[in-house]
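From just these sequences and the hints, can you work out the full model?
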Amino acid sequence: MSNAGGGLIVDAIARSFNGQQAVDRVSFEVRPGELVALVGASGSGKTTTLRIVAGYEQPDSGRVLFDGEDFTRLGPAKRGFGMVFQHYALFPHMSVIDNVAFGLEARGVGRSERRQRAGSALDRVGLGGKGERMVQQLSGGEQQRVALARAAVIEPRLLLLDEPLSNLDPTLRASTRDELRTTLKESKAPALFVTHDQDDAFAIADRIVLLSLGRVLQTGSPEDLYDRPASRQVAMFIGHATLIPARRNGDAAVVTIDGTTHSIDLTSSSLVANGGMGAIVLRPEAVEIVRDDAGGDANNGWRATVVNRRFAGAGFVYRLRLDHEVVIDVASRDRIDAGQTVGVRITRPVPMVP
Amino acid sequence: MTVTGWFGGRSRSERLATLAALPLLLVLGWTVVYPNIAVIAGSFGHWREFAESPSDVEALKNSIIIAVASVAASLALGVPLAFLLTRFDFPGRTLLRAAALLPAALPPLVGVISFLFLYGDTGVITRVTQIVLGLKDVPWHLNGIGAIIFIHAYTMYVYVYLFVSAGLERYESSLDEAAIGLGAGTFRRLTRVTLPLLTPAIAGSALLVFMSALGSFSAPYVFGGGVRVLSTQILNSKLNDAIGLAYVETTVLAISAVAGLMLFRWLEGKRAYVAAGKGGARRRPVHSRLARIGLACAAGLIVLILVLPHLMIVLVSFAKDGAWTTQVLPPEYTTHNYAGLFTTNQLWTPIRNSIVMSVLATAANVVFCVAGAYLIVTRKFSGRRLLEILVALPWAIPGTAVALGLLATFNTNDIAVGKILLVGTFWILPLAYFVRDIPLVSQAVEGSLRQMDPSLEPAARGLGASWWMAVRRVVLPAARPGIVAGALLACVTAVGEFVASIVLYTHGNRPISIEILAQLRSYAFGTASAYSALLIGLVLIMALTARIAESRMQ
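So the sequence lines, in the order shown, correspond to chains S and D. Heads up: the first sequence runs through residues 1 to 354, numbered per my numbering. Heads up: the second sequence runs through residues 1 to 554, numbered per my numbering.
Rather than coming from a laboratory, the hints here were simulated on the basis of the structure. Idealized CB from N, CA, C, for every residue including glycine. Hints are not guaranteed to be accurate.
Said to hold, decoys possible - Computed far set for chain D versus chain S, every beta-carbon distance over 12 Å:
1) S13
2) L24
3) L175
4) I180
5) G181
6) V193
7) L197
8) C297
9) I389
10) V474
To be verified - Some but not every residue of chain D turned toward chain S, in silico, with C-beta under 10 Å:
11) E172
12) A178
13) L182
14) P196
15) T199
16) Q346
Stated by the list, open to error - Calculated from the model, a selection of chain S residues having no Cβ within reach of chain D, i.e. all distances over 12 Å:
17) R51
18) D67
19) T72
20) L243
21) G250
22) T267
23) I289
24) R335
Rendered as structure tokens:
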């Protein structure tokens, strides 16, 4: 693998439970200072992968390297990583500050120094005045920050976070995302976090490792995954998309719907051989509704029937049927009733997947 | 206070609930509260006697020493065993897990007898040790405080084991992982995280052991030797017609128990947090070959120690009475002991008595406690808290003290002061069993009812069901697991009851436990053991029935 200089390298780790392959030869890396998200549905093996990196599970095969050292058989305590557990795992019988100071206590740091360091760790997450509270007296969001402070105060070489936002309610979640990215970036330590929520991953991660059924589907920046998905599965998982069969023709795809054929520009064209079959990934923002037939067939347009309309604040989201197979969602500010016929047009280059 | 004020007065249903609770409160007042008052009243004028009696002061001291030491011994056995069985996988684990509960199947007196057969001066283990070591004298004497603590540890560690295991099953495993990840070693993790979080389970079971050991009667009575404890002093004083002194001793015992209860509650209250999580700790397989062999051997040895008392009872129950003298094992075997129980009138009567009395008491328990639990769980009314406290109260009072209380209340016909004569009649024992088992059955039924969605009954009423139909079709089915479990438990305790029985029995209603003691005194070990085996069998059948009933209902 490249970049042997530093950071975490996960090299083809595999783990099965009772004959079930939970993690199947997963490889990726986390470079110094980088925030990486392990994203996948439940059962994709993301949590097991994280626990193997943390040292709570042993892989059946494969290696975990950190800064060039083999960590595979090293106990969790010896790795010097900090972990934020899904339900935070805060010690309920200790005060907030004692929780944060626990790792320092275990490292033999003297009482006054560890209280001072734990205190400033709490300051950094905005809980400066709440050190003497008991853990249960805090809200979910505050508990999450205590867990983060506890993991960060030991100055870990790598921060691991298991679904750090999943226990927060939706409104809190959005604001906490930005906060979390800022805190993680400030801490300078690289971080690996697990989430099933692509919005969390998009908002926080520099890079995403997308997992499904224990395998890596694709690794890349959020934009990479969105604009250049490597497979239908990735396209379906990331963002809202409709796949429409197409044949590649140079930098464009030839798409036929309901007898009408158009050539559509592609964002990247390397995944399908020229002349080969695949599918274009159509997302709502790449499609436009054209009223009173102005689009016509000549302007990359198709005819569609409005199936239903949903109000979405900034406008409406329409579900359109192009033919008996192809149904797409399109956003528009215009008010159109169900059953009407409209024209649709693809307005920007789209990805194509094999 | 006006009448509406008395009845809480807020709504019709509250008044109805208070009205319904009144008969229950009346019964509890008469059979639980009043007896204690009568005992305290009867103790006046005899306190100087108590304070000046060296044997009584010593008995108080011994009772407390035994209770505290039993707690320590039970914790020392139960906590490590719970950890071993919930955290590790090794050969023999399943067997050990099953055997760990066996002491619970021994009625108090039966456990004591089996220990006598095993570890007494002429016991099997004692003799084998003597022969193997080539000693001239027996290697130990099974008497004194040490012997009492020994058997308490054997029978009472089960509470600790059960509570701590349950705590560990629910224990959020990520807490330990967090501690490990933060760099805590095994010792720091145990002392700073795991054990503090198990405090509620440990304190709860320690309290149970403390209460059982403080009031324990059988062990000190049978092989205490010269050791005096409060519970045996009470019986002695009563038999010596020093009833006033017996009341003082009873009061002291009850006060010690309540003081212990309050002390533990206070300790528990200081740590008010919930450590329950989703559990999820996987048992770690033990990989080292040496450790596996060691653990398997240890498990085998512990299982043997746990089963031996049961095996011994069964073995001796087939021994010919009078033939077992100086041999290690009984030399001659027969089935006469069992046949005798069912054919000799003299021997059958206690069995019939025990069954009839425990069924009567249990039936009363079920009716009374279901009504009480229903009101406590589903209704809000003035007097609810009082009812809740009173149904739990007999638990805090040692069996001997309960018996003395009933003795003080039902010893004469004088309705004017609330006394009727039941002592000396058949009915005093069913009453005693009823009182002793109220907390047990109430708690079981309350537990089931609390799991019921509280809106179910109103929903049924809203659909047009009458109160009785809602209770019959919705509430009682929800309470059924608790009713079944509580009733079986009450029945088992009542059938083997000894402590209150020995204070209150008459020749006509003598129960199995009293007959076991009588047979033992006349050296009819075989017959005593046949009775004991019968009791163990009953306990096992009931436990099995409860388990089957429980699994059917799920």
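Okay, the hints, checked on the actual structure:
no.: 1; hint: S13; verdict: holds, 35 Å
no.: 2; hint: L24; verdict: holds, 37 Å
no.: 3; hint: L175; verdict: violated, 5 Å
no.: 4; hint: I180; verdict: violated, 5 Å
no.: 5; hint: G181; verdict: violated, 5 Å
no.: 6; hint: V193; verdict: violated, 6 Å
no.: 7; hint: L197; verdict: violated, 6 Å
no.: 8; hint: C297; verdict: holds, 28 Å
no.: 9; hint: I389; verdict: holds, 28 Å
no.: 10; hint: V474; verdict: holds, 34 Å
no.: 11; hint: E172; verdict: holds, 7 Å
no.: 12; hint: A178; verdict: holds, 4 Å
no.: 13; hint: L182; verdict: holds, 4 Å
no.: 14; hint: P196; verdict: holds, 5 Å
no.: 15; hint: T199; verdict: holds, 8 Å
no.: 16; hint: Q346; verdict: violated, 60 Å
no.: 17; hint: R51; verdict: violated, 9 Å
no.: 18; hint: D67; verdict: holds, 18 Å
no.: 19; hint: T72; verdict: holds, 17 Å
no.: 20; hint: L243; verdict: holds, 38 Å
no.: 21; hint: G250; verdict: holds, 53 Å
no.: 22; hint: T267; verdict: holds, 42 Å
no.: 23; hint: I289; verdict: holds, 48 Å
no.: 24; hint: R335; verdict: holds, 43 Å
Violated hints for the displayed structure, listed by number in ascending order: 3, 4, 5, 6, 7, 16 and 17.
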